[in-house]
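Chemist: Sequence:
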Amino acid sequence: MLSPMRRLLLLPMLLVAALPAAAAEVQVAVASNFAAPMQKIAAGFERATGHKALLAFGATGKFYAQITNGAPFDVLLAADAKTPARLVEEGRALAASRYTYAIGKLVLWSPRPDYVDAHGEVLAKGNFRHLAIASPKTAPYGAAAREVLDRLGLGDALAGRLVTGENIVQTFQFVASGNAELGFVALSQVMVDGRLTGGSTWIVPADHYGEMRQDAVILAAGRDKPAAHALIDYLRGDAAAAIVRSYGYERHPTR
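Each residue of the sequence shown is one higher than the one before, counting from 16 in the numbering used here.
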């Protein structure tokens, strides 16, 4: 029988030994526009739960293709609502886990101060060589950008000046590097802690494009993984919500 002193000495060792069994990793596919806030959320999630979120960033359309081809993601944070709904319909995701974690906003941005005006009239003036947008086929923010151009009656006129990024991160890089004078990017890419980070920006009115609901869902691979369910629970909480808002997103009023 162990003495009281020996039991006290063994207790910390037993607690440490138990931690790896409780903590786990969760593979998360994250829409590129949500990269910066998700990195902060993942850090808080790990501190709060011990679980580690392993993040991969990319275009939602490409993630859909990868998931349908067997990619071992446990959770998807999409840039739209359509893709998670489709995965649920196909039996590749859990219906009860799907919810809107953010509503995105589209902006026209240039790193040059005073280049983009407050009403986006720079587009009609056409004093630029290249306009960057994300691929409308695979990136919801690219599809929204096309909607805006068509609404403004500029889709055909500017077609020859478009530089298309694979995802919204590459699109932002085109503009930041000067390969395009301006581009349609996510507000989250030019806002931190509720403030615009620089350059010049036109926040596109919400009625110029369809609502940018961004849904999260647990995929079939994460069905029986407590870490996947814990991540969705954490995303619904106040700490994650504060980060989401600080990057310019809105939260769904019923979520």
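Read the hints as simulated data drawn from the structure, not as lab findings. Among the hints, erroneous ones may be present.
[As the list claims (entries may be wrong)] Within a straight-line C-alpha distance of at most 30 angstroms, the following computed DSBU-like cross-link-like pairs (lysine-lysine) qualify:
no. : residue 1 : residue 2
1   : 140       : 152
2   : 240       : 55
3   : 97        : 77
4   : 67        : 77
5   : 140       : 97
[What the hints assert, rightly or not] Pair ranges (Cβ atoms, derived):
no. : residue 1 : residue 2 : range
6   : 254       : 80        : 28 to 36 angstroms
7   : 100       : 266       : 18 to 26 angstroms
8   : 129       : 86        : 19 to 27 angstroms
9   : 220       : 142       : 19 to 27 angstroms
10  : 105       : 69        : 22 to 30 angstroms
C-beta: ideal position from N, C-alpha, C; glycine also.
Chemist: Which numbered hints are broken by the structure, listed smallest first?
Modeler: 5, 8
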